[in-house]
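Number of protein chains: 2
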Amino acid sequence: MTYCVGMMLRRGLVFMSDTRTNAGLDNISTFKKMSIWEAQGDRVITLLSSGNLATTQAVVSLLDERTKAHESRVPTLLGVPSMFQAARLVADTLREVIDNHRQAGQEADSAFRATLILGGEIAGGAPRLFLIYPEGNFIEASADTPFFQIGETKYGRPILVRAYDPEMSFAAAMKLLLVSFDSTVKANLSVGPPFDYHLYEAGSLRAGVQGRIEADDPWFREIAEGWGAALRAALDGLPDFELPPG
Amino acid sequence: MTYCVGMMLRRGLVFMSDTRTNAGLDNISTFKKMSIWEAQGDRVITLLSSGNLATTQAVVSLLDERTKAHESRVPTLLGVPSMFQAARLVADTLREVIDNHRQAGQEADSAFRATLILGGEIAGGAPRLFLIYPEGNFIEASADTPFFQIGETKYGRPILVRAYDPEMSFAAAMKLLLVSFDSTVKANLSVGPPFDYHLYEAGSLRAGVQGRIEADDPWFREIAEGWGAALRAALDGLPDFELPPG
Numbered sequence: 033m034t035y036c037v038g039m040m041l042r043r044g045l046v047f048m049s050d051t052r053t054n055a056g057l058d059n060i061s062t063f064k065k066m067s068i069w070e071a072q073g074d075r076v077i078t079l080l081s082s083g084n085l086a087t088t089q090a091v092v093s094l095l096d097e098r099t100k101a102h103e104s105r106v107p108t109l110l111g112v113p114s115m116f117q118a119a120r121l122v123a124d125t126l127r128e129v130i131d132n133h134r135q136a137g138q139e140a141d142s143a144f145r146a147t148l149i150l151g152g153e154i155a156g157g158a159p160r161l162f163l164i165y166p167e168g169n170f171i172e173a174s175a176d177t178p179f180f181q182i183g184e185t186k187y188g189r190p191i192l193v194r195a196y197d198p199e200m201s202f203a204a205a206m207k208l209l210l211v212s213f214d215s216t217v218k219a220n221l222s223v224g225p226p227f228d229y230h231l232y233e234a235g236s237l238r239a240g241v242q243g244r245i246e247a248d249d250p251w252f253r254e255i256a257e258g259w260g261a262a263l264r265a266a267l268d269g270l271p272d273f274e275l276p277p278g
Numbered sequence: 033m034t035y036c037v038g039m040m041l042r043r044g045l046v047f048m049s050d051t052r053t054n055a056g057l058d059n060i061s062t063f064k065k066m067s068i069w070e071a072q073g074d075r076v077i078t079l080l081s082s083g084n085l086a087t088t089q090a091v092v093s094l095l096d097e098r099t100k101a102h103e104s105r106v107p108t109l110l111g112v113p114s115m116f117q118a119a120r121l122v123a124d125t126l127r128e129v130i131d132n133h134r135q136a137g138q139e140a141d142s143a144f145r146a147t148l149i150l151g152g153e154i155a156g157g158a159p160r161l162f163l164i165y166p167e168g169n170f171i172e173a174s175a176d177t178p179f180f181q182i183g184e185t186k187y188g189r190p191i192l193v194r195a196y197d198p199e200m201s202f203a204a205a206m207k208l209l210l211v212s213f214d215s216t217v218k219a220n221l222s223v224g225p226p227f228d229y230h231l232y233e234a235g236s237l238r239a240g241v242q243g244r245i246e247a248d249d250p251w252f253r254e255i256a257e258g259w260g261a262a263l264r265a266a267l268d269g270l271p272d273f274e275l276p277p278g
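Chains A and B are the protein sequences, given in the same order. The first sequence begins at 33 in the working numbering and counts up by one. The second sequence begins at 33 in the working numbering and counts up by one.
No lab work stands behind these hints, which were simulated from the structure alone. Possibly wrong hints are sitting among the right ones.
If chains are identical, the list can't say which one is meant, so a pair holds when it fits in one copy or spans any two.
[Claimed, not checked] Okay, derived cross-link-like pairs now, SDA-like style, lysine to any residue, Cα gap no bigger than 20 Å in a straight line: (1) LYS218 / PRO178; (2) LYS100 / ARG120; (3) LYS100 / GLU172; (4) LYS218 / LEU85.
From just these sequences and the hints, can you work out the full model?
See below:
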């Protein structure tokens with residue numbers, strides 16, 4: 033499985049992805065699920081992927097190759113005029129890859145599926161965030177739905193729903209995401225650290241702070257351990273149930 | 033869908049279940065998913081059910097009927113000598129019902145599936161708690177796994193994992209469960225109030241405090257609204273991420 037979140041804040045876009053992939057419980061590897069395309073001053077595009085690893089790697093490789101084949105007439109991520117067109121391009125590429133596997137006579141089409149989060153900014157537009165389905169269609173984030181999750185989404189969702197605030201700082205958003213990731217990791221073995229992140233500042237048109245949080249990162253340990261105590265204290269602060277006379 | 037939790041505490045067993053059932057999004061009803069059998073001074077047995085409603089209602093009806101047919105030689109919930117035998121009886125009844133539907137020529141066997149939580153105490157034994165699978169086998173709760181969830185389990189799990197404490201009071205356990213149920217309700221339309229509960233005191237051998245928490249219950253409203261603020265405060269109390277110089 034996988035867990036990735038793309039989040040829209042007033043000050044920009046925040047992306048985080050885990051790195052665990054597995055084929056069965058006894059075959060676990062680490063892969064980066066975040067790809068970034070940058071043309072400074074013109075665009076920054078970030079892609080998060082979940083699902084079949086062969087599919088998502090093929091999608092990223094195709095997108096990459098095309099940005100380098102300048103002669104080709106097909107649109108590229110570095111050439112499209114808007115984030116909407118970028119989402120269309122990625123969605124078409126995803127569908128193409130899945131269809132190719134399927135046409136090769138493979139029936140287990142569900143195994144080739146993948147879901148993507150695409151976000152970024154292209155000069156002339158605002159930052160935008162999309163969720164792309166394996167069928168090749170997509171939806172866009174809005175004030176009502178300001179973040180997308182893919183992969184193992186449920187364990188980490190309640191805290192996002194409760195604590196997300198579009199005005200929050202990158203530092204606070206990272207903390208929120210880490211708590212959400214930690215809740216997921218604690219419940220699903222197929223999601224695991226290290227976690228990759230990218231903090232894209234709106235209007236900057238250059239890749240923002242990015243890095244990787246390892247399992248033994250002292251801040252991560254502090255959040256993971258402190259959160260249990262903080263939750264119990266939060267619960268203690270609420271009024272107890274008044275038992276009716278039994 | 034459904035959400036039910038059975039939890040083992042030092043002082044007894046706590047059960048909570050939602051009441052929403054649905055056949056599609058446009059066909060929603062309210063059904064009690066908690067059944068209690070009591071023979072004061074001898075035994076109290078509580079059953080929580082999730083899955084196909086026709087299956088779970090048939091299981092409960094069969095168990096009920098058999099406790100009333102005193103002549104019959106088949107074991108009954110009010111006759112079995114131990115909670116382990118009670119779990120076997122319920123599991124066999126569940127498998128029997130599912131098999132009957134299946135033999136009637138219906139192929140959609142997954143639609144007939146159901147999963148149950150069974151807990152209680154029979155004189156001479158300690159309180160015990162079981163999770164019963166549609167295949168008719170079951171597992172028992174222990175100090176390592178002191179609670180079971182069935183139905184939509186993921187959204188409400190992180191808080192249970194973090195805040196469960198075997199020494200907690202019934203009043204605190206009710207609060208914990210309500211937060212877990214509220215997180216689930218907020219994320220999945222097919223889980224909804226009112227919530228039924230039963231607090232069985234270890235060694236009492238009589239049904240404990242039980243009741244129903246309605247959607248407009250003032251305490252529930254207070255918990256649901258207070259929890260968001262409490263979570264945000266808990267998050268604020270943790271150290272922010274230190275942005276590396278970008």
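Hints and how they fare:
Taking the shortest Cα distances, LYS218 and PRO178 sit within 20 Å of each other only across copies (16 Å), while inside one copy they are farther apart (25 Å). In this assembly of identical chains, LYS100 and ARG120 lie within 20 Å of each other by CA distance solely inside one copy; the values are 19 Å within and 65 Å between copies. Taking CA atoms no more than 20 Å apart as the test, LYS100 paired with GLU172 passes in neither setting, with 27 Å inside one copy and 59 Å between copies. Taking the shortest Cα distances, LYS218 and LEU85 never come within 20 Å of each other, neither inside one copy (23 Å) nor across copies (32 Å).
In terms of the numbered hints stated before, the structure departs from hints 3 and 4, listed from lowest to highest.
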